[in-house]
Every structure is written in C-alpha cells, then in structure tokens.
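Colleague: Okay, here's what each chain looks like letter by letter:
2 protein chains.
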Amino acid sequence: MNRRALLASLLFAGFSLAPIGTHVVADEQPLFGYSTESSRAERQWEEKLRAIPSPDNLRAYMQHLSARPHHVGSPYDKANAEWIAAKFKEFGLDTHIEQFDVLFPTPKERIVELVDGGPKFVAKLQEPALTEDPTSDQQAEQLPTYNAYSIDGDVTAPLVYVNYGIPEDYEQLDRLGISVKGKIVIARYYHSWRGIKPKVAAEHGAIGCLIFSDPHEDGFMQGDTFPKGAYRPPDGVQRGSVADMPYYPGDPLTPGVGATKNAKRLKIEDAATITKIPVLPISYGDAQPLLAALTGPVAPAEWRGGLAITYHVGSGPAKVHLKVKSNWETKPIYDVIARIPGSAFPDEWVIRGNHHDAWVNGAEDPISGLVAVLEEARAAGELVKSGWKPKRTIIFCAWDGEEPGLLGSTEFAEEHYDELRAHAVAYINSDGNGRGYLNIEGSHTLEKFSNDIAHEISDPETKLSAWKRQQLHEIANAKTPEQREEIRKRTDLRIPALGSGSDYTAFLQHDGVAALNIGFGGEDGGGIYHSVYDDFYWFTHFSDTDFVYERALAQTGGTAVLRLADADLLPFEFGDFADTVQTYLKELKALSQKMQDDIKERNRELEEGVFKATNDPKRPLLPPPAEVVPPHLNFAPMENATDALTKSAADYRKALEQANSNGGAALASASLAEVNKLLIESERKLTNSEGLPNRPWFKHQLYAPGFYTGYAAKTVPAVREAIEQKQWKQADEAIVVVGHVLQGEAELISSAAAKLTAATAH
Amino acid sequence: MNRRALLASLLFAGFSLAPIGTHVVADEQPLFGYSTESSRAERQWEEKLRAIPSPDNLRAYMQHLSARPHHVGSPYDKANAEWIAAKFKEFGLDTHIEQFDVLFPTPKERIVELVDGGPKFVAKLQEPALTEDPTSDQQAEQLPTYNAYSIDGDVTAPLVYVNYGIPEDYEQLDRLGISVKGKIVIARYYHSWRGIKPKVAAEHGAIGCLIFSDPHEDGFMQGDTFPKGAYRPPDGVQRGSVADMPYYPGDPLTPGVGATKNAKRLKIEDAATITKIPVLPISYGDAQPLLAALTGPVAPAEWRGGLAITYHVGSGPAKVHLKVKSNWETKPIYDVIARIPGSAFPDEWVIRGNHHDAWVNGAEDPISGLVAVLEEARAAGELVKSGWKPKRTIIFCAWDGEEPGLLGSTEFAEEHYDELRAHAVAYINSDGNGRGYLNIEGSHTLEKFSNDIAHEISDPETKLSAWKRQQLHEIANAKTPEQREEIRKRTDLRIPALGSGSDYTAFLQHDGVAALNIGFGGEDGGGIYHSVYDDFYWFTHFSDTDFVYERALAQTGGTAVLRLADADLLPFEFGDFADTVQTYLKELKALSQKMQDDIKERNRELEEGVFKATNDPKRPLLPPPAEVVPPHLNFAPMENATDALTKSAADYRKALEQANSNGGAALASASLAEVNKLLIESERKLTNSEGLPNRPWFKHQLYAPGFYTGYAAKTVPAVREAIEQKQWKQADEAIVVVGHVLQGEAELISSAAAKLTAATAH
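Protein sequence lines correspond, in order, to chains P and S.
The first sequence runs contiguously to residue 762 in the numbering used here.
The second sequence runs contiguously to residue 762 in the numbering used here.
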C-alpha cells in the first residue's frame, strides 16, 4: 500500500481527526501530474465536486428517463434525447444533438413452434405485465422479444441442444457424433456474447438458432424470481443484438464512416454483420417444452441447466418451425453532446459518456449509468459557476443506439475520426451501475490514474475507499497464494483490458483513444437484463435502492474527468503498462506451450487407445481427431519490443521523479505542451492503419473483443487468436507486427521522457 | 508395464497367434509365488475355471434370489439363505448356516408433514408400483421407506436446509448466522455415508433429520428416470442404516462379541450406535414442498440441487412434524458358510464373500455380486470334481444382515476372532457388480497380487485386459501430468484403501485380515439404490443386461481365490506397500502444512478486514473465527518407521529374487510354512489391541472409515483425524503409536526375508 492509499483508507475508515473534505495535510504528496500548488487547488475543486451529486436527483432522473420504452426509433427515445439536452443546457453546458441515420430492423413476424416429436406447442414470445410493476404493461410501446439484425428466415428442422453454442461445444458434439447441419440449434445465453451463438451455429451448417435464458444462469437457480425477487421469471426474455460486432460495430451499412444523411451505404444484402441464419431469443417457459422433446445422448454434465428435465442433445425428434421477419427500416439516432470549453488547452478533449437508448424501459441498462453522467455534468456546471476553469475541454455524451450495435458512439467516432485522433485525451465510459465494488477496466497507460481515482472514492456500505474494498475483494478471490501476494504488494491493482459490449469500443479500438469503463457492481445480481422488467420498480426494489452507489459513480466519474482536465502533466504512466505487456507476453508463450503439450498428450492417448478403451458402448463418445503438433513460434520480436518498452517506462519514471522534485515546481512553470501531446499520442501509437488480420476496422494491436467471445477481451488479439485458431504462420507474422507497434510505443515514451527532462531541468 | 502385462494386453487385444486358453509359452515368467512347474499347472486350472461361469446361470440365480423382498427377518431372507446353502451343497461344498440374533428395528409409525409456513402437506413416504416393473407391486412384503436404527421420536420444529449435512456445511451455516439448535434439518444424500448426517446434525443441536434424494445426485439431472431410464423417479426413496458404524458396526447390542443366542447384550438405551435424533429418508417428490416453503438466505451456489425452485436455507417458516417409531425386535440372521478343505495347509483359509440380504428385492445390491460368488463356487466345485486339490482351505460366505449394519459378517468375525486371526490368509469381498471397469481396493500388501489378477481378466466390451482398460481409464482421468506419468510408468496400478460400507470391515479393521473388495462398475449409473426399483426388471434393462460383467466378476473372484489357495509362497509383496505408506506420510505432512498455511492466511485476512469488506449487507455473511496457528508436529517416528519399512521391503524383494532364480525350483522344494505364516501375520501386525483413539473396535492403524465420512477411508486414521480435528497433542501421540506399529511390520518383513533366504538357499 502506498502512503496515499494508507491515508485514504485510514480517513474513510473513520480514523481521521479532521472531517472528510479537509484532509489536505502539509506533507501530502501532490497529485500525479500536478505541482504542490496546483494539487492543493485541484483537491479542493474535486472535493467540492464530490459533495454535489444527490441521490434524490439521481432517482428523479431515473424515474423520468425510464418511464416509457425508449428504444431506437421510438417517440420516447427522441423525447429523452431532448430532455437530456435541455438538462445539459440547464447546467450551463454548450449542447447540441447530433443525428445519424441507421439501419434498424424491428420485428414484423415471429414464430417458434414444436411441430413434431412432442406435444404440439406454440411459444408465447411475450413477457406478461405484472400488477406489482407499473411500467410492465406498456405493451403498445414495447419492442417485442427479438434479436436485432437476425436475417429474415422461415425454417423447419429437427432441434439440437448446443449448450452455450461456443466453439468448444461443437467439439463435444463432434465426439457425440451429432451434426447440426440442416438443423435448428437451441443455445443457452451466457458464456459468450449472444451474437457468437448464431455465428458459430451457421459456421457448422445450422439453419436456425434459438437462444434461451436457462434458469441456471439468471433465473430461479440464482434467486427468487421477479417480482418476488430480482431474478428472471419463467416468461422473461433477453432481447439483444446479434450483429457481428466483433467484425465491425455500428451501422451495418456504413462501416468505417459516419452514417450521415448522405453517407455512401452498402446494400442490406452486402452488410457482413447481419446474421447468416434466423435467430430468436426465448424464455425458459417457452424453451422447456422444446428441450423436453429432445432425445439422443443425455447432455454432458456441464451442459445441464436448471430446468426440471433430463437435458438431451437430440437431434430431434423435436422438430421446430422458426420464422423471423423484420421491418428493415432506416431510423434516426440522437447523440447528445455537451461541452465545457478548456481554458488553457481547448484542443485537448476529455470525453465522458453513457448511452441513453434502451431495449425497453432500461432503468438499469443504461439509465443507472446515464444519470450519474448527468449528475457529473450538473456538478461540473456548478463548479464553473463558482469560478472553476478547467484547463482542457470536457465533453459529456449521451449516446443513442448502443443496444442494437453501439451505433451512436461508433458513428460519432467514425464521423469525427480525424478530430478525435488529434484532440482526444481519453474517453471514460459507463453503461449502467449497481451495488458493490468499483470496477475499472481499460487502457493500462491509465492504470495508475485509475487507482488514484479509486483511492478518492468512499464506498457507501463499508466507508472504506473503493480502492481498499476492491483490493480486499481481490485478496478474498485470489486463485493462488502468489496472486494474493501480488495483490497485497503491488502499489496499483491491475485493471482488466476492454473487450467490447459498450460505447468505448470505437474510441479505443478504432480511433486509438485511451479509454476507461467504470461502474459499481457485484452485489446487484438479477435477471431482468434486456427485458420489460428492467424498470424503475425493479431497480428501486432490488438494486441500489437508496441511490448511494449512483452518487458514488457520479463522484468517481466527476473526479476522473476533473483530474484529467486540470493536470499540468497528463497522468499517463508506463510502468504499469509495460508490466502488463510483459504478462501478456508470458501468457502467449504459455498458451503456445500448452497447445503443444495438450496436442502431444492427446495424440499419445490416441496411440495408446485411451479413448477407445474408455468408450461406453451404450453411451458412445468418438475419439477426438489426431492433430499436428504446433511448431515453436518466434517470440523474439515481441520479447525485444517488450524489453524496450520496460526500458522506456523506466526512463519516463526517472524523468517524472526529476519533474516532481522540489514540490513539482517545474511542473507548474515548465511548458509541457509537447510532452502532453506525446502522452495523448501514446494510445494512438498502439494502433496501425491495417488493423487486425481479417477485421481491419479494429486498429488496436493490444485490445479487441474476441472474434469468438464477443464481450471478453482478447489481448494482443492478432497473436492470441492466431494461436487459438492454430494458424501458426499468421501467429509468427502477427508477432512481428505487434513487435513493431510496441517498438514505436517505446520510442514515443523515451521521447516523452527526454522532453519532460528537458522541460523540467533547472 | 511388466512383461506379463504386455503379454496379457497383446493377447487380449487380439494379437495372439494362439487362441486364449493356450497362451502358456515356453519362456513365460512363473506366476508370483509359484515355481515354473507349479505355475504351469496353476495357469491351466485357472483357465479351466474362467471358462466355467455362465451368463445364463448368473441370470437365473439373480431372477430367483431377487424375486421377492428379502430383508433381515423376512421369510424370503431365510428361504434365500437355504436356497444358497442348497446350491453350495449341490456344487459339492461342505456347507452350513450360522445363525446370529440381532437387534433389527422396523417401522411402526412414520410421519413427515408440513404443519406451518407453507401449504399444508403430508409426505407420501411410499414408492408406487409401476406397471412395467413386475416386482414393484409386492407392497405387502416390502419394508417401508426408513432409516434403520433411527431412535424413536416425535418432534415439530422449523426446518433448516443443511446441504449434505457434513461438518463443513455447518461452518457455512455459522457464517450465514443460521443455527440448527432445536430445529429439524433436511440434508441431501451423497457426499458422506448417510449415518454421518444425523450424527453431525445432533452434534449441532438439531432435534430431527430428514434425508432426501435430490434429483441432482441420482435423479433426472443424471438421466431419464425409471422406468424410462435408470435414474431415481420422483417418489423413489433410498432406505438405509444410520447406525453409527464408524464407531462400531454389527449388532448395536453386542459390540466386539458374536451375537449368539446367549451373548451378553447391552440394553437398547445403552447402545451407542443408535442415532441421537429421529431420522427419515424421503423422495424428492416429498422434499420439494418442504424446501419450497423455506425462506432465509438463498443457499450457497454449491448447495443448490436439481429441483425447479430457489433453494433457501431457512430456518423456517416451514415447520415440520416428524414422527418415527419402530418395532425394536430381535431377529435371526443366517450366514451361509461353505468350505473346500485345503489339501496341504487346511489351516490356512482363503475367504470369499458377498451378502445376500437386501433392503427390498436388491437385484443389484447385493444379488449382482452374490451370483458371481455362487458361480465361482460352482466353478471351484467343478475343478475339484476334475481332480483339483487346493493347497489351502477355501471358504465361500453369503452374509446376512449387511444392509442394517454389516451384521452377518461382523458377528461372524467377532465370534470367530481367534480362529480368523490364526488362520485367515485373506478375505475377498464383493457387494454388487455392474458394467465398466474392474475396481479393486484393499490391503496394499496385496496390491501387486491384485494387479496380477487384473491382467488375467478380459474386459467384455473392449477385449482389453481389465488391467489395461483400467490403466487407460486412469490416464484419461489423471488430474496432473505427473500423475499421468506415474500411471504410465509404475508397474502396478495403485489400489485405493478400504473405508467401510461392506462386509470386509470386520475382517480387515477388527481382525486384521488382509482384504480386497472387487467389482466392475463405472458404466452402470442409475438411481434405484435401496429402493423397490432395484430389481430384476431394472437390472436386465439398464445394467449388465447380458450378464457378461457378471461372468467377468466370477472369473476375477475365482482366479484370485485359486491363486491364493495354490501358491507355494503367498503372493504378499511389500514394495508397493512401503511406497503407499510413504505417500500417506507425505499426505499427512502436506495436510499439516496446509492447515497451518490456511489458518495463518485466514487470520491475516481477518486482520486485514477482508471478510468485513466483502460482506454484502443485503446478504450478510459473518467472518469465520480466528484460530490458533497449529504447531509443527513431530513426524520423525513415522519417518523412521517408513524408512525401515522401505528397507525391509527391499530385503524381501532380494530374497524373492533369489527364490525365483533357477525357475523357482527352490519354491517347489523348500519348506515355506514359516515364511507363509509370517506373511499371513503381516496384516495382523498393522493392528494393535488398543484400537483407534475413541473407537477401540477399530484395530487397524492404517485403514478405517472416516469418523465424519463413513464410507470413505481415512488412512493412518489416528493421525489424520487428529490433524483434521485440530487435536495436535493427540496427533503427536498417534504418530508415535503408528511409528511403533510400522516398526513392528518392518521387523516382520525383514524376518520373513531372512527365513525365505534361508529356506531357498542352495
């Protein structure tokens, strides 16, 4: 624990002699990137800001914004955008609405029925209104349950249960001797982003896909169901997009450019991200009769869910008729953009955002995040009124169209690509909020900064700092003693890398803007995600019922924005970053070794006859295929680059120490514009113009959503996915590319170190 | 793999040029304990024996023996004993029935009802007859569903769900702030022997105990339910004994002595093995309304079973009325004992057994094991008729009263304690049989012998040797690469130690007779255990339907008995044994270290405030208690003894090599009586007269059922359980005792080595 962490935890644990808000002590270390003097001023502004957010306001915003369904194209979506814009204006911000026009399919026809192999059954595909829940009856305005960007289709075929429908499930199906070719698959939600399921099913020859919410994942197995408890009731359905966003997000018709009125558009049939087969989501109430009508092998133990049936794989005899037909219309989306101009560096932009569109009422997703951003904007506006002048420009954004495909943020980041690459310091995203721990994920050049912010925030339940609570949580959940010791000893908690699933994607992975995603959670379980029950009633009964974590999020986001906007020297840091890249390198080498070992071992077992000998003739399981043992890869280009990175990070650390000596006086007086420019540049340098192999929209060479995971990040994606997909030549090539990018980064950092040394030399 | 293993696997894999039955080749190694000449003869007798068992006979025996319910005290129990005795006589064996008189309670009154806190519900406690299943309707003769040796009681109290009801579950309950004091607990079957559940519940102050069969363990979660599939239907109930057999098995009124007519008997109220609180087993059909009426904390994730409800812990509001009342009567039990007298060493006894009593019809348990023993006896009888004269006396046993408490075998082993300690070479047990792998467990002095037998047996499905199939199975299921390599390289597969749960217990753990338990299984899943559905219909539809594994078990048991009965030198071996004791020593040291580490770590986390910080106030979890860090134990007495053991095993190996040189001519001519006497003595030496601390009936210092596991073995129990129960002084004392016992064993082995060397010197 560093000195400040100790202080913060003592303070928040109640050991302070002075009340919170006056803990500026004489020998206090200045904030990172600040001189002693500017640090003192900054602390005062930040403390003022953190005192402003009000649970009552946050509750009132939520009640208003979630009062009616507000999906893309709905009247209330537009009304909410205008209401948000009015609020920003009321807070004193320079506000406008930016419109894009996007392809947005909505259901025209949906049929799921069991036509053979079991008692005839027609799925309801409808979430009932509940008397307890006042907004659940707005059926005229609700979007029906569906998966956006499913292709139209009308298919009838035997059913196969494919577990989560991820690639390894199909390896298991191969061993069971079951093909999905010409079949309709039924997969359960979770263990991948939903769009992976129809993609992998289609790759294996399936002609239709159902996705159901098994009670094992977010229904009665997890807790009492709504409205008695927080979890998914039998007829609850998870809507959601199935566009192939790991290929490219945003409007399927305008990849790489903003979907402005006159943008050049693809024909719908040429849009690569629309699914290849029809897909519909269903409830477990609708799924049970279909699953119960399957025979064939009993599902492997890990495939069995929470329904009171014996799960079988099929195929059939259950035969299902699936019909999906959409209105393929263009709809307007409304991004709300509000600015506080910078006083010293107006061309350096600190951006903060959360989307405003929902699948239905969306109290949790996204309103619980958006209201914090609103309250941050109000607080910032208050500070401006009290005389605060941020050095840099601050931009608050409320995105539209996130749910169907990160539309609002992606079109914005594509449309303003050049400006953002020139001006954006960082993008800080949220996408909902709950009770529990402060989760920060993102760019590792901001890892230290993230830790600094977490130290400032008081956890509402424990009164510990959010940092301390998170550290203790990580100690409690460490998998090995070594991990636990690292958590105890490392000054900064590690932050996870960003995959996808929210509006940071285009900023980070397309534009190369350093990004963070922040939010509280971990004590806010439930099963109303993307259903009509995600509403004000649910949130105020089962989540952050007194809005104290809402306030904590506003304090967190507000502090982060202020700290970036006012810094003398931008608080980027490369020691944590280089350390992170070293761990990625180690992981990749271990992964490559493990694949060799596993394939060797499996081939040996095949030769020994292990699989034949352990086959139960009454429950046959075919041997896996023999495979060529992977070659050794040449990791040297990455090893050399990572060493260079580590060296340059040490140079920068040394320069920092010099700059900070003498109370950081040099920071106050020096001209740091050139250093800050390089620091801003540091994330851009991690991208290249070619992008990832086979998905050029994704430019970042360290972070991407997995092509077969969707939400979960793949770090060093070109190398890691080539190894996972056993493309050894491509893996070797990717190592060279990544090595080159990292060498460039090392040079930039060394250059920033030199400039910082020069600027702060006496 | 040793040379003979290679030969065997090649032969059974179909690479032999000669048909099976004639694979005695010129340079073949003699059998262990045999000279070249005696080995050749023995192989011929064994091959003849293995050709005799017939699936048709085995099926016919099963159909007869499982035709009606045949529990202790029932007319058909006695009829079966007489029928078995008649069979043994028909096979030419010297047969008698030995009767004991035991306390055997049967139900007079059973009530389970939900009287408050949910919809009023009275449990059925009844397994319905099924039209498909012709013996399921013999309700007039069936024992009702109950747990034998539950104390009488009539209690009404709030219900608490305690998961498996084992000690760690109560640690979790403490953290949830839930006490069972004055409550009725409901535990699910599995993860311990059933009698542990009421024992631990009573220790924690509960006043009643229900045990239910959750569909997660052997119901619809595992496969289709009976009669469609093999698994437990909603109303299926597992009967079973709850007498505290880890304290002492057998008749509760006659611990340590045979329950003969005039034996001195305890008063019922002084019988320590009767439960302290009333217990009843129930079906999941009966459990569901009770569990559904619980509120309180949602059960921890691992506690949730397969019912379509949210599992809560309680306590209450469900309030249950439980009444159990038994007829506490004395009943006769009938052990059937059949002999083939030894020609050379009639005072050396090779004993083979399986019980004949069942809870109901018991086709699988126990008849599937018993019929193999019968067919072995028939085969041995046939050999005798063809001129075979076993050197040693062979005794076949069909025990009565195993189900209520290992009654028949325990009373026999107590009554004949002195004779058995003087004469018994080994006891080989079975207790049912199924499809799959040959499982052999038992004394490690017979580990090599067990491997030798497994090499001789052909697996019916794969035609591999049972040894080879088991080895490949273990490779497939190894948990670490190191384990896998050991399985590949070690000549002998390790055999697990015996805990309890069948008739070997008194022989091994009270009398100190080397014991093995053998049976096929692993592909014979189902959920009819101890229910009315364990019958001929079930077995012939879902288990070894063509009785080929029944034949394989008869071949295995028969080969083992012959091999022991005819050996020149008894095939005890001490290299594997010493190696096993070394692994136990390592485990104990690691366990002691781990307990230190875990307690230190937990104390540290308590000081850091980890548990407070990670507590969710809406789902409170109390911190675990701080504990004193365990002291270092003095393992030296065991280390020295284990070294001595290893040394003596090497001496014996050397003596063996000398004896085997020159085609084992010395074995054929030498007088080995004294060596064999020592070998027989070798298991006795592992017992002491004091027995285990606090349970003196258990004399064996290496193997016992866990006091809190029941079935599962605790090896080096006095030391291991003292460590587990944090009794450090007792642990140090036990190490001295075990060290002393092992030193005695080492001396015996060295002495056997010296005698063998002397006897075979030229």
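Derived by calculation from the structure, the hints in this document are not laboratory data.
Computed from a predicted model, the values in this text were never measured in an experiment.
A portion of the hints provided could be inaccurate.
When chains are identical, the list treats them as one kind, so a pair holds in a single copy or across two.
[What the hints assert, rightly or not] Simulated pairs of lysine-lysine, BS3-like, Cα-Cα distance not exceeding 27 Å: (1) K589 x K479; (2) K448 x K726; (3) K78 x K448; (4) K755 x K78; (5) K489 x K228; (6) K612 x K463; (7) K181 x K48; (8) K594 x K479; (9) K618 x K479; (10) K479 x K586; (11) K699 x K448; (12) K589 x K647; (13) K612 x K489; (14) K228 x K618; (15) K612 x K479; (16) K726 x K589; (17) K489 x K600; (18) K479 x K48; (19) K463 x K726; (20) K463 x K618; (21) K181 x K677; (22) K120 x K228; (23) K78 x K108; (24) K391 x K685; (25) K276 x K479; (26) K685 x K78.
Colleague: Evaluate each hint against the coordinates.
Modeller: Tested hints:
Taking the shortest alpha-carbon separations for K589 and K479, both the intra-copy value of 21 Å and the inter-copy value of 23 Å come in at or below 27 Å. Proximity of K448 to K726 under the C-alpha cut-off of 27 Å is found in neither arrangement, the shortest distances being 35 Å within a copy and 44 Å between copies. Within a single copy, K78 and K448 get their C-alpha atoms no closer than 39 Å, and across copies no closer than 80 Å, so neither meets the 27 Å cut-off. In this assembly of identical chains, the alpha carbons of K755 and K78 never lie at most 27 Å apart, being 48 Å within a copy and 99 Å across copies at closest.
When the C-alpha separation of K489 and K228 is checked against a cutoff of 27 Å, the pair qualifies neither within a copy, at 44 Å, nor between copies, at 58 Å. For the homomeric pair K612 and K463, the shortest alpha-carbon distance between copies (11 Å) is at most 27 Å, but the shortest distance inside one copy (59 Å) is not. For the homomeric pair K181 and K48, neither the shortest alpha-carbon distance inside one copy (62 Å) nor that between copies (53 Å) is at most 27 Å. Both within a single protomer and between protomers do K594 and K479 lie at most 27 Å apart by alpha-carbon distance, with minima of 19 Å and 15 Å respectively.
For the identical chains of this complex, K618 and K479 are inter-copy neighbours only, at 26 Å across copies versus 38 Å inside a copy, given an alpha-carbon limit of 27 Å. With identical chains, the CA atoms of K479 and K586 are at most 27 Å apart both within one copy (18 Å) and between copies (24 Å). In the homo-oligomer, the alpha carbons of K699 and K448 lie at most 27 Å apart inside one protomer (24 Å), although the nearest pairing across protomers, at 63 Å, exceeds that limit. Taking identical chains as interchangeable, the C-alpha atoms of K589 and K647 lie at most 27 Å apart only when both belong to the same chain, with a minimum of 21 Å there against 45 Å between chains.
Taking identical chains as interchangeable, the C-alpha atoms of K612 and K489 lie at most 27 Å apart only when they sit on different chains, with a minimum of 20 Å there against 49 Å within one chain. In this assembly of identical chains, K228 and K618 lie within 27 Å of each other by CA distance solely across copies; the values are 15 Å between and 44 Å within a copy. Within a single copy, K612 and K479 get their C-alpha atoms only as close as 35 Å, which misses the 27 Å cut-off; across copies the closest is 20 Å, which meets it. In the homo-oligomer, the alpha carbons of K726 and K589 lie at most 27 Å apart inside one protomer (14 Å), although the nearest pairing across protomers, at 43 Å, exceeds that limit.
Only between protomers do K489 and K600 lie at most 27 Å apart by alpha-carbon distance; the minimum there is 18 Å, versus 38 Å within a single protomer. For the identical chains of this complex, K479 and K48 are neighbours neither inside a copy (40 Å) nor across copies (57 Å), given an alpha-carbon limit of 27 Å. Taking identical chains as interchangeable, the C-alpha atoms of K463 and K726 are never at most 27 Å apart, the minima being 49 Å within one chain and 37 Å between chains. Taking the shortest Cα distances, K463 and K618 sit within 27 Å of each other only across copies (16 Å), while inside one copy they are farther apart (59 Å).
Taking the closest pair of Cα atoms, K181 and K677 never come within 27 Å of each other, the shortest separation being 54 Å inside a single copy and 69 Å across copies. Only between protomers do K120 and K228 lie at most 27 Å apart by alpha-carbon distance; the minimum there is 21 Å, versus 31 Å within a single protomer. For the homomeric pair K78 and K108, the shortest alpha-carbon distance inside one copy (22 Å) is at most 27 Å, but the shortest distance between copies (74 Å) is not. In this assembly of identical chains, K391 and K685 lie within 27 Å of each other by CA distance solely inside one copy; the values are 24 Å within and 87 Å between copies.
Proximity of K276 and K479 under a CA criterion of 27 Å is satisfied in neither setting, with 40 Å inside one chain copy and 41 Å between copies. In this assembly of identical chains, K685 and K78 lie within 27 Å of each other by CA distance neither inside one copy nor across copies; the values are 38 Å within and 88 Å between.
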